[in-house]
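So you can see what is in the structure, the chains are spelled out below.
Number of protein chains: 2
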Amino acid sequence: MSHTGRGILTVVSGFAGSGKGTVMKKLIAEHDNYALSISATSRAPRPGEEEGVSYFFKTREQFEEMIKADALLEYAEYVGNYYGTPKDFVFSKMDEGRDVILEIELQGAMQIKKKYPDTLLIFLTPPSAQELYDRLKGRGTETDEVIAKRMKRASEEVQSVKDYDYLVINDNIDDCTARVHDIIQSAHHTTGHEAAMIEKLKTELEAII
Amino acid sequence: MSHTGRGILTVVSGFAGSGKGTVMKKLIAEHDNYALSISATSRAPRPGEEEGVSYFFKTREQFEEMIKADALLEYAEYVGNYYGTPKDFVFSKMDEGRDVILEIELQGAMQIKKKYPDTLLIFLTPPSAQELYDRLKGRGTETDEVIAKRMKRASEEVQSVKDYDYLVINDNIDDCTARVHDIIQSAHHTTGHEAAMIEKLKTELEAII
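Chains as they are written, first to last, in the working numbering: chain A, 1 to 209; chain D, 1 to 209.
Derived by calculation from the structure, the hints in this document are not laboratory data. Hints may contain errors.
Any copy, or any two copies together, can satisfy a pair, since identical chains are not distinguished.
Cut-off 25 Å, straight-line C-alpha distance, at most; resulting in silico cross-link-like pairs (DSS-like, lysine-lysine) [claimed, not checked]:
no., residue 1, residue 2
1, K149, K202
2, K152, K202
3, K68, K93
4, K58, K162
5, K162, K202
6, K162, K114
7, K113, K162
8, K149, K200
9, K162, K115
10, K202, K137
11, K152, K200
12, K202, K113
13, K58, K93
14, K137, K200
15, K162, K200
For clarity, every value in this text was computed on a predicted model and none was experimentally measured.
Sequences are here, hints too, so could you generate the full structure?
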C-alpha cells in the first residue's frame, strides 16, 4: 500500500451496462489497497452463496435491529427484502488503511453522502446512450422489454449524476480502471484527509522558529 | 493529450524549499498537456530575461490599465513592482485544452479561488519542518538570517494550507510529480467539468427511450 492513514470511502454507481462490475474486479485484482464492502440482507441465501462473502445474512428482525441501532451506512427495501451496508465492516477496513468501495445504487449513494460528506461518489457510464443500448442488447441474455426498462431507468438516473463527485466514461476497461484508481488515490491528498499532517507541520514549525 | 474539452486551471504553491520548481519542471517535461502561466510585471527586465518567456513586461501605467480592465486573474505589489497573471494567456491555453499551471503564492491563490471556485489549489510541502530546514540549509547559498525568515514565513503560510484543495508531500520527486499529475488529471472527470457530457447523455437517453 502506498499510503498510511485512514482509507478512503468510495461509492461506485453506474447504469446497468456501464461495465461497473468488470471495472471493480480489475481494480481489486490490480491493487492491494482496496476492500469491497459486503452488504447485509434479509433475503434467504441462494445455493452457493456464502455468509460473509456474498452477503451477511440476517433475519428480518436482526436487520431491523441494525436499522434501529444506526449500524448501517445506508439501506433500502427491495421486493420485500432489506439490503444495506453495515458500518462495522466498512469502518474497520478503513481504520486498517484500506480504501473501501461500495458498489451501490443512487439512493444509497445519496444517503451516505448526506451522513458522510467526505465520501467519494463516482458514476460510471458508457460514452453514449447508443453504446449503452448496444451493450445491453449485445449480452443476448435480456428480453427487449427488460432492455427497455433498463434504458428507462438510465434516463431517470442520469438526472442525478450531477450529484456525484466524478463521472468516469468507460470507453475502455483499462483506461477506465486506471482513472477510477487515480481519482481514489488522489483523494488521499485532500487537505481534509491530510488534516493531521497539517497539524503536525504547524506544531513542528512553531517549535523550530 | 488524453483529454478533450477545456483544460484545468491549477495553482501550485509551496514553502520555499518544498521542491516546487523541480516538480513543475518534471511535470512539464514528462507530459505534453500542461502549459505554465507567464506572469506580467512592471519591473524592468533583467539581463537574459525574454519578453513572453520570463514575463510579459509592462510599464506601471500599462499594468494599472490591466487592473482596471479586470484583465488579471490575480496581482500583487511587491517591493514597488506589480506582478500578476494575465487572463488572456491562461484562458486561451485552457480553451486549447491545455491544463494551465500557475506557480504563485498564497494570496494570489486565494484571489483566484474566490473568483474561479473550480480552480484546483495544490500545496507542496516536505515531509517535516526539520526536512524543510535541512533543505534550505543544505543549499548553502542562504544566510542563517534568510533561512530564519523563510521558516518564519512557512509558519505563517501553514495556517492557510487548509484552504487549499490538496496537500502533496514531496518526499520523493518522482512520486510527488506523479501525484500532482494524477490529481490534475482526475479533475477532468468531476461532474462539474463533465457537465456537457451529462447533458449529452440526458438528451440521448430522452431520444432513445
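Treating 25 Å as the Cα threshold, decide for K162 and K202: within, between, both or neither. For K162 and K202, the Cα distance is within 25 Å only across copies (11 Å; inside one copy 36 Å).
Are the CA atoms of K152 and K200 at most 25 Å apart within a copy, between copies, both, or neither? Only across copies: K152 and K200 sit 16 Å apart there, 51 Å inside one copy, limit 25 Å.
Within a copy, between copies, both or neither: where do K113 and K162 come within 25 Å Cα-Cα? For K113 and K162, both the intra-copy (13 Å) and inter-copy (21 Å) Cα distances are at most 25 Å.
Since the copies are identical, ignore which copy is meant and state whether K58 and K93 lie within 25 Å (CA to CA) inside a copy, between copies, both or neither. Cα proximity of K58 and K93: one copy only (21 Å, versus 57 Å across).
Can you give me the call for K149 and K200, within, between, both or neither, at a CA distance of at most 25 Å? between (53 Å within a copy, 20 Å between copies)
Within a copy, between copies, both or neither: which one fits K162 and K114 at a CA-CA cutoff of 25 Å? both (15 Å within a copy, 22 Å between copies)
Go through the copies and call it for K162 and K115: within, between, both or neither, with a Cα cutoff of 25 Å. Both, since 18 Å and 22 Å are each at most 25 Å.
One pair to classify: K68 and K93, alpha carbons no more than 25 Å apart. Within, between, both, or neither? Close inside one copy (23 Å), not across copies (55 Å); limit 25 Å.
For K58 and K162, with the copy left unspecified, which applies at a CA distance of at most 25 Å: within, between, both, or neither? neither (34 Å within a copy, 43 Å between copies)
Between copies, within a copy, both or neither: which fits K202 and K113 at Cα up to 25 Å? between (30 Å within a copy, 23 Å between copies)
Cα distance capped at 25 Å. Does K202 pair with K137 within a copy, between copies, both, or neither? between (58 Å within a copy, 20 Å between copies)
Are the CA atoms of K137 and K200 at most 25 Å apart within a copy, between copies, both, or neither? between (55 Å within a copy, 21 Å between copies)
Hint 4 from the list above is the single one not met by this structure.
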